[in-house]
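Trainee: Read top to bottom, the protein sequences are chains A and B.
At position 233 of the first sequence (counting the first as 1) the number is 233 in my numbering, and the numbers step up by one without a gap.
At position 10 of the second sequence (counting the first as 1) the number is 244 in my numbering, and the numbers step up by one without a gap.
If you're looking for bench data, these hints aren't it; they were derived computationally from the structure.
Computed from a predicted model, the values in this text were never measured in an experiment.
In this text, a Cβ means the ideal position worked out from N, Cα and C, and glycines have one as well.
Heads up, a few of these hints could be off.
[Claimed, not checked] Residues from chain B that keep clear of chain A, each with C-beta distances beyond 12 Å, as calculated:
#, residue
1, Asp-290
2, Ser-300
3, Thr-340
4, Gly-368
5, Glu-373
6, Met-375
7, Ala-385
8, Thr-402
9, Phe-437
[As the list claims (entries may be wrong)] Once the Cα atoms are required to be at most 20 Å apart in a straight line, the calculated EDC-like pairs of lysine to aspartate or glutamate come out as:
#, chain 1, residue 1, chain 2, residue 2
10, A, Lys-179, B, Glu-432
11, A, Lys-179, B, Asp-462
12, A, Lys-126, A, Asp-195
13, B, Lys-413, A, Glu-125
14, B, Lys-413, B, Glu-359
15, B, Lys-413, A, Glu-57
16, A, Lys-126, A, Glu-57
17, A, Lys-61, A, Glu-198
18, A, Lys-196, A, Asp-230
19, B, Lys-460, B, Asp-429
20, B, Lys-448, B, Glu-291
21, A, Lys-60, A, Glu-111
22, B, Lys-413, A, Glu-213
23, B, Lys-430, B, Glu-447
24, A, Lys-201, A, Asp-230
25, B, Lys-283, B, Glu-432
26, A, Lys-61, A, Glu-111
27, B, Lys-360, B, Asp-284
28, B, Lys-435, A, Glu-219
29, A, Lys-231, A, Glu-213
30, B, Lys-360, B, Glu-453
31, A, Lys-201, B, Glu-453
32, B, Lys-435, B, Glu-344
33, A, Lys-179, B, Asp-464
Protein chains: 2
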Amino acid sequence: MLRSCAKRLRALGSLRGPLPCERRPALRSFSSKKVVYKDFSIPNPSWSKDIRLLFDEFMKKCEDGSWKCFPSCKYGSIQRTQDFKMFHLDRELTKEDLRTQTRLFTSSFEEGLGFEYVIFCNDVEKRTVCLFQGGPYLEGMPGFLHGGAIATMIDTTLGVSAVIAGGTVMTANLNINFKRPIPLCSVVVINTQLDKVEGRKFFVSGNVQSADEKTLYSEATSLFIKLDPDKSLT
Amino acid sequence: MLRSCAKRLRALGSLRGPLPCERRPALRSFSSKKVVYKDFSIPNPSWSKDIRLLFDEFMKKCEDGSWKCFPSCKYGSIQRTQDFKMFHLDRELTKEDLRTQTRLFTSSFEEGLGFEYVIFCNDVEKRTVCLFQGGPYLEGMPGFLHGGAIATMIDTTLGVSAVIAGGTVMTANLNINFKRPIPLCSVVVINTQLDKVEGRKFFVSGNVQSADEKTLYSEATSLFIKLDPDKSLT
């Protein structure tokens, strides 16, 4: 199964060019030594049966090439670190140990404690699906996920839909209706759909459901803007 | 300064009754032993000059009682843990080490790496202000904060406005316009304002600006619903 996932990742890379986290060598924390990339969107011991079953189901859908598994990486790249240095103006924060410690937010917790997820995409249907298990460090109301943690994974999944369609994009609007709180450590499925493209604008909508699809937790709409490479971000 | 903050925290408690994180004894990770609460919304060595200057400015505003400092706590309470057990249905995830490890999302990173913030509120003006420094573990695009991390702090600050006005509330809608990306480790100010109350509905809006107020990063509107204590959340 994991070999199959790796194969699909390579296939995705060869079809679309290297994905953002594959382009550059990763850094270990506290070191500039190049290391082999590790994809964090593959099962680990913290994954519950619910997410494993769904993962297997989607990996089967990947076999005919209609769906693809989208990889996730943990540590900042060399470019991340260089960009980070530019904005690290405070003396206390430019210490070497902090400069090399940038992490993608959704992969910044240790295994099982934060965002455990995997994203699959279907180019033809312009759909993206995220299987997400929110760990005990993502608590908001006692026993439930923080709204910001849900917003983070919704933004990430909607963003993948926009990235696949438009390349480098930035969230311009995110509008979420939270209908029910999500129990901590339960597994949810985030479904997103590219609705419309108008020039550099990508409109994507989605929802968050329980693993058995019986409970609708949230609904969201979003607008992403394709970045102009000739313009500075700040 | 810290003594003054502690004094204000006590004053806030005596005025409004204990705050959510003061009601119950905290747990150390991996232990059920009661420990003294630690407030994480006070300066630590990772705080830059920008956030320290703003903190001092708001602490001065607290001296006449018009503004109050809102405390933040890190570890889950006993109640959090009991609620957590209810939803921990998967055998692998019910291990003692995970059950006692719940953390409030916004306080779940080690010092300096994630959400460094402090919230001040003004009851008369129905305003809440969050001073926020996003650390290197909150990265989205290289060198910038993840949209989900910004959404998390916006939701938290808007939520404090609603909590002060209505008690226990839940986010029903969160609508954010992201205008510019926020450089990682920079300091931003989140301003929120309670706009309207309709029965159990609390409408709160806000924005995110740079510390010097020259850059508008985001704008947001939200709806919070006061929870009905007789109804189950799920």
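Trainee: With reference to the structure, classify each hint as holding or not holding.
Mentor: The hints, checked one at a time:
1. Asp-290: With a cut-off of 12 Å, B/Asp-290 remains clear of chain A, as the shortest Cβ separation is near 16 Å.
2. Ser-300: holds, 28 Å
3. Thr-340: violated, 7 Å
4. Gly-368: Nearest chain A Cβ is 9 Å from B/Gly-368, so the label is violated.
5. Glu-373: violated, 5 Å
6. Met-375: violated, 7 Å
7. Ala-385: Violated: least Cβ distance 4 Å, not greater than 12 Å.
8. Thr-402: violated, 8 Å
9. Phe-437: holds, 14 Å
10. A/Lys-179 - B/Glu-432: Judged against 20 Å, a Cα distance of about 18 Å means the pair holds.
11. A/Lys-179 - B/Asp-462: With a Cα-Cα distance of about 15 Å, the restraint between A/Lys-179 and B/Asp-462 holds, given a limit of 20 Å.
12. A/Lys-126 - A/Asp-195: holds, 8 Å
13. B/Lys-413 - A/Glu-125: Distance of about 30 Å is beyond 20 Å: violated.
14. B/Lys-413 - B/Glu-359: violated, 26 Å
15. B/Lys-413 - A/Glu-57: violated, 38 Å
16. A/Lys-126 - A/Glu-57: holds, 19 Å
17. A/Lys-61 - A/Glu-198: Since the Cα atoms of A/Lys-61 and A/Glu-198 sit roughly 30 Å apart, the hinted pair is violated (cutoff 20 Å).
18. A/Lys-196 - A/Asp-230: Violated, at about 25 Å.
19. B/Lys-460 - B/Asp-429: holds, 15 Å
20. B/Lys-448 - B/Glu-291: Given pair B/Lys-448, B/Glu-291 holds - Cα atoms ~18 Å apart, limit 20 Å.
21. A/Lys-60 - A/Glu-111: Distance of about 25 Å is beyond 20 Å: violated.
22. B/Lys-413 - A/Glu-213: Distance ~34 Å between B/Lys-413 and A/Glu-213 Cα, so the pair is violated.
23. B/Lys-430 - B/Glu-447: violated, 25 Å
24. A/Lys-201 - A/Asp-230: Holds. A/Lys-201 to A/Asp-230 sits at ~17 Å (cutoff 20 Å).
25. B/Lys-283 - B/Glu-432: violated, 41 Å
26. A/Lys-61 - A/Glu-111: violated, 26 Å
27. B/Lys-360 - B/Asp-284: Roughly 25 Å separates the two Cα atoms, so the pair is violated.
28. B/Lys-435 - A/Glu-219: OK: B/Lys-435 and A/Glu-219 at ~19 Å, within 20 Å.
29. A/Lys-231 - A/Glu-213: It is violated: about 42 Å lies between the C-alpha atoms, which goes past 20 Å.
30. B/Lys-360 - B/Glu-453: holds, 18 Å
31. A/Lys-201 - B/Glu-453: Status holds; Cα separation ~19 Å.
32. B/Lys-435 - B/Glu-344: violated, 35 Å
33. A/Lys-179 - B/Asp-464: The given pair, whose Cα atoms are some 18 Å apart, holds under the 20 Å limit.
Going through the hint list in order, the structure does not satisfy hints 3, 4, 5, 6, 7, 8, 13, 14, 15, 17, 18, 21, 22, 23, 25, 26, 27, 29 and 32.
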